[in-house]
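Since chain A is already given, all that's left is putting chains B, C and D with the ligands on it; use the hints.
Protein chains in written order, with this note's numbering: chain A, 168 to 554; chain B, 168 to 554; chain C, 59 to 206; chain D, 59 to 206.
Just to be clear, a hint being listed does not mean it is correct.
To be verified - Straight-line C-alpha distance at most 30 Å; calculated DSBU-like pairs for lysine-lysine: (1) B:Lys212 with A:Lys527; (2) A:Lys265 with B:Lys400; (3) A:Lys438 with B:Lys197; (4) B:Lys400 with B:Lys308.
Bear in mind the hints are in silico, worked out from the structure with no lab data behind them.
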Amino acid sequence: MNKRIYLDYSATTPMKKEVLDEMMPYFSEKYGNPSSIYSFGREAKQAIDVARDRLAKAVGASSKEIFFTGGGSEADNWAIKGIAYANRNKGNHIITSKIEHHAVLHVCEYLEKDGFEVTYLDVDEYGMIDLEQLKEAITDKTILITIMYVNNEIGTIQPIKEIGKIAKEKGVYFHTDAVQALGNIPIDIKELDVDIMNFSAHKIYGPKGVGGIYIRKGVKIHPFIHGGAQERKRRAGTENVPGIVGFGKAAELATQNLDSHIAHVKRLRDKLIEGIQNNIDYVRLNGHPTERHPGNVNFCFEFIEGESLLLSLDMVGIAGSSGSACTSGSLDPSHVLMAIGLTHEIAHGSLRLTIGDFTKEEDIDYVVEHLITIVDRLRQMSPLYEG
Amino acid sequence: MNKRIYLDYSATTPMKKEVLDEMMPYFSEKYGNPSSIYSFGREAKQAIDVARDRLAKAVGASSKEIFFTGGGSEADNWAIKGIAYANRNKGNHIITSKIEHHAVLHVCEYLEKDGFEVTYLDVDEYGMIDLEQLKEAITDKTILITIMYVNNEIGTIQPIKEIGKIAKEKGVYFHTDAVQALGNIPIDIKELDVDIMNFSAHKIYGPKGVGGIYIRKGVKIHPFIHGGAQERKRRAGTENVPGIVGFGKAAELATQNLDSHIAHVKRLRDKLIEGIQNNIDYVRLNGHPTERHPGNVNFCFEFIEGESLLLSLDMVGIAGSSGSACTSGSLDPSHVLMAIGLTHEIAHGSLRLTIGDFTKEEDIDYVVEHLITIVDRLRQMSPLYEG
Amino acid sequence: MYSEKVMDHFTNPRNVGEIENADGVGQVGNAKCGDIMKMYLKIEDDTIVDVKFKTFGCGSAIATSSIATEMIIGKSVEEAVGLTNRAVVEALDGLPTQKIHCSVLAEQAVKAAIYDYAQKNNLVIKGLENYKPVDDVHDHHDHDEDEE
Amino acid sequence: MYSEKVMDHFTNPRNVGEIENADGVGQVGNAKCGDIMKMYLKIEDDTIVDVKFKTFGCGSAIATSSIATEMIIGKSVEEAVGLTNRAVVEALDGLPTQKIHCSVLAEQAVKAAIYDYAQKNNLVIKGLENYKPVDDVHDHHDHDEDEE
Ligand SMILES: Cc1ncc(COP(=O)(O)O)c(C=O)c1O
Ligand SMILES: Cc1ncc(COP(=O)(O)O)c(C=O)c1O
Ligand code: FES
Ligand code: FES
Chain A
168 MNKRIYLDYS
178 ATTPMKKEVL
188 DEMMPYFSEK
198 YGNPSSIYSF
208 GREAKQAIDV
218 ARDRLAKAVG
228 ASSKEIFFTG
238 GGSEADNWAI
248 KGIAYANRNK
258 GNHIITSKIE
268 HHAVLHVCEY
278 LEKDGFEVTY
288 LDVDEYGMID
298 LEQLKEAITD
308 KTILITIMYV
318 NNEIGTIQPI
328 KEIGKIAKEK
338 GVYFHTDAVQ
348 ALGNIPIDIK
358 ELDVDIMNFS
368 AHKIYGPKGV
378 GGIYIRKGVK
388 IHPFIHGGAQ
398 ERKRRAGTEN
408 VPGIVGFGKA
418 AELATQNLDS
428 HIAHVKRLRD
438 KLIEGIQNNI
448 DYVRLNGHPT
458 ERHPGNVNFC
468 FEFIEGESLL
478 LSLDMVGIAG
488 SSGSACTSGS
498 LDPSHVLMAI
508 GLTHEIAHGS
518 LRLTIGDFTK
528 EEDIDYVVEH
538 LITIVDRLRQ
548 MSPLYEG
Chain B
168 MNKRIYLDYS
178 ATTPMKKEVL
188 DEMMPYFSEK
198 YGNPSSIYSF
208 GREAKQAIDV
218 ARDRLAKAVG
228 ASSKEIFFTG
238 GGSEADNWAI
248 KGIAYANRNK
258 GNHIITSKIE
268 HHAVLHVCEY
278 LEKDGFEVTY
288 LDVDEYGMID
298 LEQLKEAITD
308 KTILITIMYV
318 NNEIGTIQPI
328 KEIGKIAKEK
338 GVYFHTDAVQ
348 ALGNIPIDIK
358 ELDVDIMNFS
368 AHKIYGPKGV
378 GGIYIRKGVK
388 IHPFIHGGAQ
398 ERKRRAGTEN
408 VPGIVGFGKA
418 AELATQNLDS
428 HIAHVKRLRD
438 KLIEGIQNNI
448 DYVRLNGHPT
458 ERHPGNVNFC
468 FEFIEGESLL
478 LSLDMVGIAG
488 SSGSACTSGS
498 LDPSHVLMAI
508 GLTHEIAHGS
518 LRLTIGDFTK
528 EEDIDYVVEH
538 LITIVDRLRQ
548 MSPLYEG
Chain C
59 MYSEKVMDHF
69 TNPRNVGEIE
79 NADGVGQVGN
89 AKCGDIMKMY
99 LKIEDDTIVD
109 VKFKTFGCGS
119 AIATSSIATE
129 MIIGKSVEEA
139 VGLTNRAVVE
149 ALDGLPTQKI
159 HCSVLAEQAV
169 KAAIYDYAQK
179 NNLVIKGLEN
189 YKPVDDVHDH
199 HDHDEDEE
Chain D
59 MYSEKVMDHF
69 TNPRNVGEIE
79 NADGVGQVGN
89 AKCGDIMKMY
99 LKIEDDTIVD
109 VKFKTFGCGS
119 AIATSSIATE
129 MIIGKSVEEA
139 VGLTNRAVVE
149 ALDGLPTQKI
159 HCSVLAEQAV
169 KAAIYDYAQK
179 NNLVIKGLEN
189 YKPVDDVHDH
199 HDHDEDEE
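Same shape as in the complex, but just chain A (with noise of 0.2 Å):
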């Protein structure tokens, strides 16, 4: 299979060559432990400091704030825990949604097994979730309200500033998993209520297995990874150099470009929207018509079930994914698919496209082209469809 068009840059992303090029000195020859007293400890030490800068400019933060991690789910279980057990004598209540990543809904049901208690909150068909179920959510026992910026499945942007200033209001810890929003959405802490939010590098085209998280002053917190000093004593293990560097330069080429990237992935999105939508009969086009995620493509056609759906379209060189149960080994389908009230039946039949910053326009056509065979073949096979 020589053709390789990939749709997938919600799950991770290639690193670009900038990124590349920028973290290949820090593996064989500026290899000094950023904690060590020698000259070229400090260099790599130097070189941690400026990657902190930039994800902190990326982000509205200062970089006293800013803190690196193993990925993107280490960060989201830090949050959760850290936050639930540094404050267990507040209060034991936790609020977060139906739609939130597994690396926040698991850590709330292992919560829940030691004593917490957690409120999923539901989400309309659009992926929203209700303010004012939210608020009356709010008990005093209430630490957390844990609420994802970005859907990484059907791309909902969530009203982040409003749910800020509930939990202000209500004096309760906030916490919104960023790693969808970042590079894809402007974002900008000052003008918010937030108090942690978590990124990962993988997802704008930095390396994968570094995360990063954003931790204001004063927040009450435990450490999640203990051990030696590193990061301020927030985060022990030696530093990945590298990983960090290049985490920072993709943080700084995602803010610089991200206008254009914005611009450039919505036009093939919508164009690729269109081209389902018109040419493909019982489709169902899954997530918010206008607050969603700028390269976000999620739909569900009926009667055919997402895994060979991508199969067939690994089979022409297309790479996307599914919340179908058949992908994941899981009996249900996505929850999030659930949650926005699909029957199983339909949520069976989906696919999500995630488009990128090389995604080409011919990219678009082709896929269309070839989706409207595969769903067709798909279809004629099914039992369910009466042609």
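Here is chains B, C and D with the ligands on its own, set in the frame of chain A:
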């Protein structure tokens, strides 16, 4: 400064070329998400499988028992917290030693605040624990023994086989931090009654920010990072594919070259030890004379302080480390040096030089020569030294 | 993830379609679980002379249906009843653990179609004496995971 | 980590040594804490005409001692008493937060030596009226860390 003699291999290592070469394709070409279904996601998945097999083989484990993490510290935290919370119903007592890495000690201290009881075993002047003391410490509440394989500061190798036997006899889980052991002594888990063992890639010429953990089949342990289904649901987060690939390669190289590596560093280590002992007065070799990391040299130089020694060495291009309080910014000198019975005064003047594959014979001559001058100069400046 | 054999049967499934006035029709699975297999048999002199299927499901559901049809064409009804999911998996050079149930589904679809044929013709078929039609054999999706 | 100025004074410390029959000698810090500074003063007509030091301690302990000696040579005793750790830090173009206490040590060493001079000569020195010799001014090692 042109000369650079790196003698801090126990802190971190440069990545070997073979390792970097093997990682390169996974940054910007084979960047697919290993959890995805399309072909080049599967490519990434296969690369991880190969790495897992390599690490498993390097330590005599089955691949199914090996999981990758975001570093050695994460793995320590996982091992200890994971066992502690999963077995809380059986007991709340943990046994460790006074000379563990902070990634173990600080987790233990954290657990103490959460209702666990921890026994910190003494060590003798060479850094060895006492097996009788260990046996006596075990109660019917004991759920975990965590004793490191090879100490990172003074290089002492613990009797892991004997500890494992005791643990097994008493039905207590046994974790050993093998971060400094891997690649420096032969490890064969099949021969040891170890339930959990952890590793770190950057100590064996692999990438920073990647660790590994062996979890014996059947061990009751909670996941540490909750979220996606990666690592067979044991460790969530998009896999650091290039990092894992690099770790696998580094582990393979480390075992292939183990004998020649040990012979090389041991010879230079002994040369350095002799060079110091024969040329400088008032010195003390820390650690065990024979049961010792093959590349570890650790001395106390009386009347002088470690940080100024390090700085002076750095100025002639030599990179080492110290257990001095002043380097760490903490009140007390290294807990390890205190545990082997050194006085504060003497512990302040410690210097660790650790030898690795790229260390050359003439480097040792250069270091001894400069150490003589530097130690003399600092002593002349010291109010404690009576020439 | 999938063997070449699976991919071959997924890409070029044999015997897709329906048989009008089939002698036996069986449907198993349900849409809620994400997979439905429907199998049509043409039977002459106790021999299966033609099979067609329609499947809603994942790649391996389609591949197992396809290969199952091949495996029973030309076989006697009794032989076909003996088709095990194991045999299907082997014929496909294996399936990922969490996809094994798709092969169970294929076995059940064949049995359901033969049962239908038996019911229509008042036959008792060896190996099907205790067969009870089930709507959903999807006892679903075993995982390849350890205890936590 | 350290400024060039610090490294300069660490590498080429000024006025290392002892003064025999010094007019004032002060020692502060203790070995347990990892730093001791000892300062020797030669004083003529209320003016500090020579200073020497010996220091056991880290790079910044050595550098602060060194620059402190430079800062008081030629000064009157009263001026020297006014030497603050802040002035020492500034003269070195700054110090890392956790090393600030080394500069406090330098200030205290100067004061201790002058106090010794005052005691020996039965003088009351402006700025030292309330001075109490301390063994260890090392209230030690502030950290640059946040609340956890
Ligand atoms: C014995 C020991 N354990 C754990 C660690 C932590 O490993 P990492 O730096 O990969 O987090 C280290 C090194 O820092 C070590 O020497
Ligand atoms: C919204 C969201 N949160 C968290 C994560 C986890 O990030 P990582 O894969 O870096 O652990 C992801 C991506 O996997 C995500 O999309
Ligand atoms: S002497 Fe301890 S930090 Fe300077
Ligand atoms: S139909 Fe669900 S896994 Fe095959």
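* Could you grab the alpha-carbon distance between Lys212 of chain B and Lys527 of chain A and see if it respects the 30 Å cut-off? => Within the cut-off at roughly 27 Å; holds.
* Hint consistency between Lys265 of chain A and Lys400 of chain B [alpha-carbon to alpha-carbon, up to 30 Å] -> Roughly 20 Å separates the two Cα atoms, so the pair holds.
* **Pair hint outcome, Lys438 of chain A versus Lys197 of chain B [Cα-Cα no greater than 30 Å]** => holds, 27 Å
* Is Lys400 of chain B close enough to Lys308 of chain B, meaning Cα to Cα at most 30 Å? -> holds, 29 Å
In terms of the numbered hints stated before, the structure departs from none.
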